[in-house]
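Novice: All chains should be built: construct the whole structure from the sequences, respecting the hints.
Residue numbers (the working numbering), protein chains in the order written: chain A, 1 to 249; chain B, 1 to 180; chain C, 1 to 86; chain D, 1 to 351.
Note that these hints are calculated values from the structure, not bench results. Take these hints with a grain of salt, some might be off.
Stated by the list, open to error - For lysine to aspartate or glutamate, the following EDC-like pairs were computed, each having C-alpha atoms within a straight-line distance of at most 20 angstroms:
(1) A:K3 / C:D45
(2) A:K157 / D:E9
(3) A:K3 / C:D31
(4) A:K8 / C:D23
(5) D:K2 / B:D69
(6) A:K8 / C:E83
(7) A:K230 / C:D31
(8) B:K121 / C:E47
(9) B:K100 / C:D45
(10) A:K8 / C:E13
(11) B:K85 / D:E338
(12) B:K100 / C:E47
(13) B:K81 / B:D69
(14) D:K21 / D:E9
Stated by the list, open to error - A short list of chain B residues far from chain D (calculated; beta carbon distances all over 10 angstroms):
(15) T24
(16) L27
(17) T34
(18) D69
(19) R87
(20) R105
(21) G158
(22) I165
(23) I169
The beta carbon of each residue, even a glycine, is placed where N, CA and C say it ideally should be.
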Amino acid sequence: MSKIVYEKSKGLSDVQLSYCPGCTHGIIHKLIAESLVELDLLDRTIAISPVGCSVMAYDFFNCDGIQASHGRAPAVACGLKRTNPDKIVFTYQGDGDLAAIGTAEIIHAAHRGDNVTVIFVNNAIYGMTGGQMAPTTLIDMKTSTSPLGRNEAMMGKPLLVSELLAQIPSATYIERVASHDVPNLNKAKRAIKKAFEYQAAGKGFSMVEILGTCPIGWNMTPADAMGFVKDTMMPYFPLGVYKDEGGNA
Amino acid sequence: MTTRILFSGFGGQGILTLGQLIATIALNKGKEVTWMPSYGAEMRGGTANCSVIISDKMIGSPIANTNIDILCAMNIPSIVKFEDKVRPGGQIFINSSIIKDGIARTDVDALHIDASNIASKVGDLRVANMVMLAGFLQKTNLFTFEDVEEVLKQRFSGTRNEHLIPLNIEAVKQGMEATV
Amino acid sequence: MVFTVKTAPKIVEYAAKHKLTFDENMCKGCDLCVWACPKDILKLDLERVNGKGYNPVVCFDIDGCTACGICARICPDSVIKVERDV
Amino acid sequence: MKMLMKGNEAICEAAIVAGCKAFFGYPITPQNEIPEYMSLHMVKAGGAYVQAESEIGAINMCYGAAASGVRVMTSSSSPGIALKQEGMSYLAGANLPCVVVNVSRSGPGLGGILPAQGDYFQMTRGGGNGDYYTPVYAPFSVQEAVDLIFKAFDVADKYRTPVQMVADGMLGQMMEPCVIEPRPAVKVDKSWVTDGNSGKRPRNIVNSLNLSAEGLEQMNIQRFAQYKEIEKNETLVDYRVNDGDEIVIVAYGAPARVAVNAVDELNESGIKAGLIRPVTLWPYPYASFQNLPASVKHILVCELSMGQMIDDVKIAVAGKYPVHFYGRCGGVIFEPSEIVEAATKIVKGGA
Chain A
1 MSKIVYEKSK
11 GLSDVQLSYC
21 PGCTHGIIHK
31 LIAESLVELD
41 LLDRTIAISP
51 VGCSVMAYDF
61 FNCDGIQASH
71 GRAPAVACGL
81 KRTNPDKIVF
91 TYQGDGDLAA
101 IGTAEIIHAA
111 HRGDNVTVIF
121 VNNAIYGMTG
131 GQMAPTTLID
141 MKTSTSPLGR
151 NEAMMGKPLL
161 VSELLAQIPS
171 ATYIERVASH
181 DVPNLNKAKR
191 AIKKAFEYQA
201 AGKGFSMVEI
211 LGTCPIGWNM
221 TPADAMGFVK
231 DTMMPYFPLG
241 VYKDEGGNA
Chain B
1 MTTRILFSGF
11 GGQGILTLGQ
21 LIATIALNKG
31 KEVTWMPSYG
41 AEMRGGTANC
51 SVIISDKMIG
61 SPIANTNIDI
71 LCAMNIPSIV
81 KFEDKVRPGG
91 QIFINSSIIK
101 DGIARTDVDA
111 LHIDASNIAS
121 KVGDLRVANM
131 VMLAGFLQKT
141 NLFTFEDVEE
151 VLKQRFSGTR
161 NEHLIPLNIE
171 AVKQGMEATV
Chain C
1 MVFTVKTAPK
11 IVEYAAKHKL
21 TFDENMCKGC
31 DLCVWACPKD
41 ILKLDLERVN
51 GKGYNPVVCF
61 DIDGCTACGI
71 CARICPDSVI
81 KVERDV
Chain D
1 MKMLMKGNEA
11 ICEAAIVAGC
21 KAFFGYPITP
31 QNEIPEYMSL
41 HMVKAGGAYV
51 QAESEIGAIN
61 MCYGAAASGV
71 RVMTSSSSPG
81 IALKQEGMSY
91 LAGANLPCVV
101 VNVSRSGPGL
111 GGILPAQGDY
121 FQMTRGGGNG
131 DYYTPVYAPF
141 SVQEAVDLIF
151 KAFDVADKYR
161 TPVQMVADGM
171 LGQMMEPCVI
181 EPRPAVKVDK
191 SWVTDGNSGK
201 RPRNIVNSLN
211 LSAEGLEQMN
221 IQRFAQYKEI
231 EKNETLVDYR
241 VNDGDEIVIV
251 AYGAPARVAV
261 NAVDELNESG
271 IKAGLIRPVT
281 LWPYPYASFQ
291 NLPASVKHIL
301 VCELSMGQMI
311 DDVKIAVAGK
321 YPVHFYGRCG
331 GVIFEPSEIV
341 EAATKIVKGG
351 A
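Specialist: What follows is the structure, given as structure tokens:
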């Protein structure tokens with residue numbers, strides 16, 4: 001007699017992921033797919049993919065998908081949710097998409113209290129276009145547009161998105177988690193599930209920020225990149241629940 | 001006289017660099033030359049190629065993926081995609097360390113070079129591209145061994161990669177010996 | 001200009017007390033499972049490449065497997081299935 | 001000295017040599033080499049470099065820098081250029097010089113990243129709101145891109161207008177030998193700049209708002225008088241039509257290189273063919289179509305689009321010749337043989 005400990009989620013399609021070897025996007029996709037299957041929400045979910053490495057995420061989730069223009073996924077989600085309030089709508093956005101060009105849209109989705117879920121993957125770089133500096137790039141980190149390292153005087157300090165959105169009165173649930181080892185993946189999955197449960201219960205805007213890696217953009221092995229998340233990113237981007245008003249709604 | 005060369009292989013095999021070195025040699029020799037890469041987000045870790053066209057007159061389209069004079073193929077997808085695009089009588093240089101089944105065409109001049117294995121023996125898999133240069137030195141009159149030495153110095157002298165010049169030259173030499 | 005050679009699935013099984021199943025052609029040789037495995041029974045096969053051109057993961061000591069599932073959970077490409085004998 | 005350079009990098013180097021003192025950009029393929037190059041070399045040259053939060057941010061940074069009188073440039077690719085239209089309209093409305101480089105890709109929407117020419121309408125018809133045009137340069141080689149960057153900054157300064165350069169993914173990514181040497185810049189009056197009057201001159205205002213209908217009309221009339229001057233002085237064309245040619249192929253930008261090959265092949269095969277390559281897309285070289293040799297029977301427009309420049313060719317020939325079209329799009333690049341086949345069919349009848 002044998003019991004399946006782990007197998008590929010039914011929430012994922014058969015398409016091979018387009019991500020580079022060892023990229024945490026694949027791991028985070030699995031958490032979302034597993035959560036939607038376990039909550040029995042998959043068949044009424046619409047995934048909204050951004051512009052960035054996860055631009056083709058619509059190919060990877062086993063549900064309907066929309067591709068949004070750069071940074072505008074939360075506005076697209078608003079339009080879809082307002083016309084389909086009984087559906088589950090989530091956006092999947094990177095730090096370039098959400099924290100740079102899409103800051104107006106994300107802030108106003110939270111501000112309106114749109115009953116949608118945002119999965120925000122923060123890997124401190126623009127991966128798709130070849131490793132440029134992002135608003136979340138750490139000080140002194142070298143990228144293709146900060147070749148001498150991010151300079152605070154010229155480029156400011158990295159943007160703290162969860163802390164920012166937690167200030168918005170109408171946001172319901174904001175948590176930052178990480179994806180660099182199995183215990184943290186379990187926590188990340190609990191956060192994702194909670195966000196979808198809140199949405200299903202009509203509790204309003206939720207965002208889960210997930211610290212991820214970009215081994216190619218960071219010029220590291222995938223395993224070293226996991227260590228970088230733990231040792232270098234987490235001290236600047238503290239994990240935790242920044243807002244949770246789901247219980248009072 | 002116009003020579004249309006296509007370099008193709010996995011990202012990381014030095015395809016684009018090899019094309020640039022040969023384009024620079026052509027420039028040094030006063031030729032018209034273009035270098036054009038395939039580009040895109042998924043290229044990393046995937047298959048990359050670049051076209052180099054060398055001519056005595058103005059070059060039109062810089063893309064040489066048809067009517068190819070010389071195909072420098074470093075992996076199997078390169079053969080699958082481009083073998084048929086070489087003109088009859090053209091040349092195919094084959095990285096036989098990876099492309100073990102050879103090619104089907106009989107109307108081209110094929111040269112098998114055990115490039116990846118030779119590069120490993122020289123000390124770095126990443127110089128497989130330089131081993132492939134043996135094809136050009138053995139089979140064409142485009143440039144000489146001295147031209148290669150000169151372009152390597154031009155590119156790497158005074159950079160942090162200067163110490164790699166002897167390794168690269170050794171790779172070319174080993175490639176020459178293996179293809180005599 | 002980007003293209004890949006289509007490859008049929010290649011399923012590789014390792015079975016002792018517990019069972020590991022690898023969908024080998026989905027593997028990108030990222031090494032994360034090797035890095036994460038607490039029993040150090042996985043490695044990349046540097047002697048060969050899979051249909052995508054990567055060195056695939058292999059298990060060299062299935063007897064040491066405890067079916068903890070860590071390799072499968074960390075794998076970004078859902079390559080690994082883990083079955084526990086109960 | 002002749003150097004082998006990527007189109008994108010040559011454009012940057014030429015801009016720096018031309019005295020560009022500020023660059024504002026945002027990542028998008030296939031123009032990433034431009035902000036990457038500027039992030040190092042613009043800073044080394046003592047200029048300002050910022051990676052903006054968006055293309056809209058970047059073009060408005062240009063608006064601010066241009067108002068202070070410095071030479072400023074931004075770059076993007078098609079979807080990003082679409083985002084910049086608000087700022088372009090403001091630059092035009094406020095009479096500010098600025099150089100905008102579009103390393104174009106296929107669309108519409110997010111489209112693809114491969115070379116295409118579907119932005120012709122947007123670039124040559126204003127693009128944003130209101131009555132305006134911008135000069136548009138379309139180089140077909142790395143050297144020409146370098147030469148036209150110098151030109152673009154001069155024209156922007158001289159006529160106080162935003163100027164665009166379109167270099168598709170092919171030209172941006174390819175390497176070719178080129179020479180970049182300093183050349184004298186046009187001398188212009190910059191007494192209008194808003195860099196703080198220090199009490200020494202009347203204050204300056206940079207603005208496109210005018211709530212008086214007559215006043216705004218006058219501003220537009222003046223701007224269009226400038227456009228007449230630009231049309232008269234700045235139209236550029238590469239004209240390669242000879243007596244005896246039966247068919248004239250019209251193409252622009254890097255894809256015109258394919259047309260050059262096709263014209264050679266046609267002439268070798270006995271079909272007399274010529275080429276008109278507009279180098280400025282606005283102002284369009286309409287005059288080049290007025291005195292074609294009597295031998296010309298057909299015009300064939302070749303574009304990497306479903307057909308956009310063909311409208312200008314139809315305006316130019318005013319019904320005098322049949323205007324045919326051959327195009328590929330989505331990132332597919334035509335090969336010389338395709339153009340040869342299309343031209344042969346037309347000349348031999350059957351098309």
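Novice: Evaluate each hint against the coordinates.
Specialist: For each hint, the structure was consulted:
Only pairs whose Cα atoms come within 20 angstroms are accepted, and K3 of chain A paired with D45 of chain C is rejected, the gap being roughly 28 angstroms. Annotation: proposed proximity of K157 of chain A to E9 of chain D is violated, straight-line Cα distance about 29 angstroms (limit 20 angstroms). The straight-line distance between the Cα atoms of K3 of chain A and D31 of chain C is roughly 26 angstroms, outside the 20 angstroms bound, and the hint therefore fails. For the hint linking K8 of chain A to D23 of chain C, the alpha-carbon distance of about 10 angstroms falls within 20 angstroms, and the restraint holds.
For the hint pairing K2 of chain D with D69 of chain B, the CA-to-CA distance comes to about 26 angstroms; that exceeds 20 angstroms, so the pair is violated. Distance hint between K8 of chain A and E83 of chain C is fulfilled; the C-alpha atoms sit about 12 angstroms from each other, no more than 20 angstroms. Only pairs whose Cα atoms come within 20 angstroms are accepted, and K230 of chain A paired with D31 of chain C is accepted, the gap being roughly 18 angstroms. At roughly 15 angstroms between alpha-carbon atoms, K121 of chain B and E47 of chain C fall within 20 angstroms of each other, so this suggested pair holds.
With a CA separation close to 19 angstroms, the supplied pair K100 of chain B and D45 of chain C stays within the 20 angstroms bound. Restraint check for K8 of chain A and E13 of chain C: the C-alpha separation of about 15 angstroms stays at or below 20 angstroms, so the hint holds. Of the pairs offered as hints, the one joining K85 of chain B and E338 of chain D holds, with about 16 angstroms between alpha carbons and a cut-off of 20 angstroms not exceeded. Annotation: proposed proximity of K100 of chain B to E47 of chain C holds, straight-line Cα distance about 14 angstroms (limit 20 angstroms).
The straight-line distance between the Cα atoms of K81 of chain B and D69 of chain B is roughly 15 angstroms, inside the 20 angstroms bound, and the hint therefore holds. Note on K21 of chain D and E9 of chain D: the hinted pairing holds, with a Cα-Cα distance of about 16 angstroms set against a maximum of 20 angstroms. Residue placement check: T24 of chain B does not keep its beta carbon more than 10 angstroms from all beta carbons of chain D (closest about 5 angstroms). At roughly 5 angstroms, the least C-beta separation between L27 of chain B and chain D is not larger than 10 angstroms, which violates its mark as non-interface.
A Cβ of chain D approaches the Cβ of T34 of chain B within 10 angstroms, the least distance being about 5 angstroms, so the stated non-interface status is violated. Listed as outside the interface, D69 of chain B is consistent with that label: its C-beta sits roughly 15 angstroms from the nearest C-beta of chain D, beyond the 10 angstroms cut-off. Listed as a non-interface residue, R87 of chain B keeps its Cβ farther than 10 angstroms from every Cβ of chain D; the least gap is roughly 13 angstroms. With a least CB separation of 21 angstroms from chain D, R105 of chain B remains clear of the 10 angstroms interface cut-off, as annotated.
The claim that G158 of chain B lies off the interface holds: its Cβ sits roughly 16 angstroms from the closest Cβ of chain D, which is beyond the 10 angstroms cut-off. With a least beta-carbon separation of about 19 angstroms from chain D, I165 of chain B lies farther than 10 angstroms from that chain, consistent with its non-interface assignment. Against chain D, the non-interface label of I169 of chain B holds: every CB pair exceeds 10 angstroms, the least being about 21 angstroms.
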